[in-house]
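Residue numbers (our numbering), protein chains in the order written: chain Y, 1 to 114; chain E, 1 to 114.
Below, simulated DSS-like cross-link-like pairs (lysine-lysine); rule was C-alpha separation at most 30 Å, straight line: (1) E:LYS106 with Y:LYS14; (2) Y:LYS9 with E:LYS106; (3) E:LYS51 with E:LYS106; (4) E:LYS70 with E:LYS51; (5) E:LYS70 with E:LYS106.
The following label-pair restraints were derived from C-beta to C-beta distances: (6) Y:GLU102 with E:SER10: 21 to 29 Å; (7) Y:GLN22 with E:VAL44: 15 to 23 Å; (8) E:GLN3 with Y:LYS14: 29 to 37 Å; (9) E:GLN14 with Y:ALA52: 46 to 54 Å; (10) Y:SER18 with E:ASP18: 43 to 51 Å.
Sample of chain Y residues lacking proximity to chain E, with all beta carbon distances greater than 10 Å (derived): (11) GLU30; (12) TYR64; (13) THR112.
Honestly, the hints are just simulated from the structure, not real lab data.
We treat Cβ as the ideally placed atom computed from N, Cα and C, and that holds for glycine.
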Amino acid sequence: NAGVTQTPKFQVLKTGQSMTLQCAQDMNHEYMSWYRQDPGMGLRLIHYSVGAGITDQGEVPNGYNVSRSTTEDFPLRLLSAAPSQTSVYFCASSYGHPSYNEQFFGPGTRLTVL
Amino acid sequence: GQQLNQSPQSMFIQEGEDVSMNCTSSSIFNTWLWYKQDPGEGPVLLIALYKAGELTSNGRLTAQFGITRKDSFLNISASIPSDVGIYFCAGHDPGGGGADGLTFGKGTHLIIQP
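Please take these sequences and the hints and turn them into a complete structure.
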């Protein structure tokens with residue numbers, strides 16, 4: 001099993017550009033999440049999904065879209081990148097809600113918006 | 001939303017010393033989790049706690065779910081170089097409203113001096 005994979009590992013964007021951060025898991029997990037990690041801020045939940053076709057907003061959803069067309073994939077889209085979105089982005093998955101099921105994190109995508 | 005205060009923010013210790021860190025929340029949690037993040041990687045779950053007063057060990061790590069359900073601590077005994085990293089607490093308040101996900105602390109940076 002590859003676990004949770006994320007691409008790309010690094011990305012530099014100009015303000016206003018759009019892009020999609022890819023996330024995939026091969027553990028047949030229903031629950032997937034996107035977090036952003038900023039210095040001194042811990043991890044903050046952007047969006048999450050409890051299964052294919054179902055997504056919901058987290059703590060900091062503005063400027064991001066998600067979709068869940070398959071169990072395996074949970075892409076995060078930045079519609080119009082802003083410098084405030086410079087961060088490290090982590091995708092995570094778990095069999096069920098992460099409070100009761102071990103949550104596995106991907107290696108992260110380091111995004112810089114100029 | 002919920003707020004988690006994690007302390008200390010950083011710790012500089014000598015190899016072999018014991019380490020203690022804690023988290024307090026503004027609301028009652030039904031789950032407390034402790035994660036470790038190595039440089040350049042995603043967090044990994046260390047210990048999960050589900051009941052007030054619960055004390056759980058994982059090797060040299062011991063964590064407790066506070067009786068008030070608003071706090072938790074993590075102890076590391078006889079620290080070794082591979083303990084270096086960022087430790088995060090996380091919790092879940094099912095009655096907190098808003099996004100139904102985990103709330104993370106801001107992390108404790110553990111640095112071990114030879």
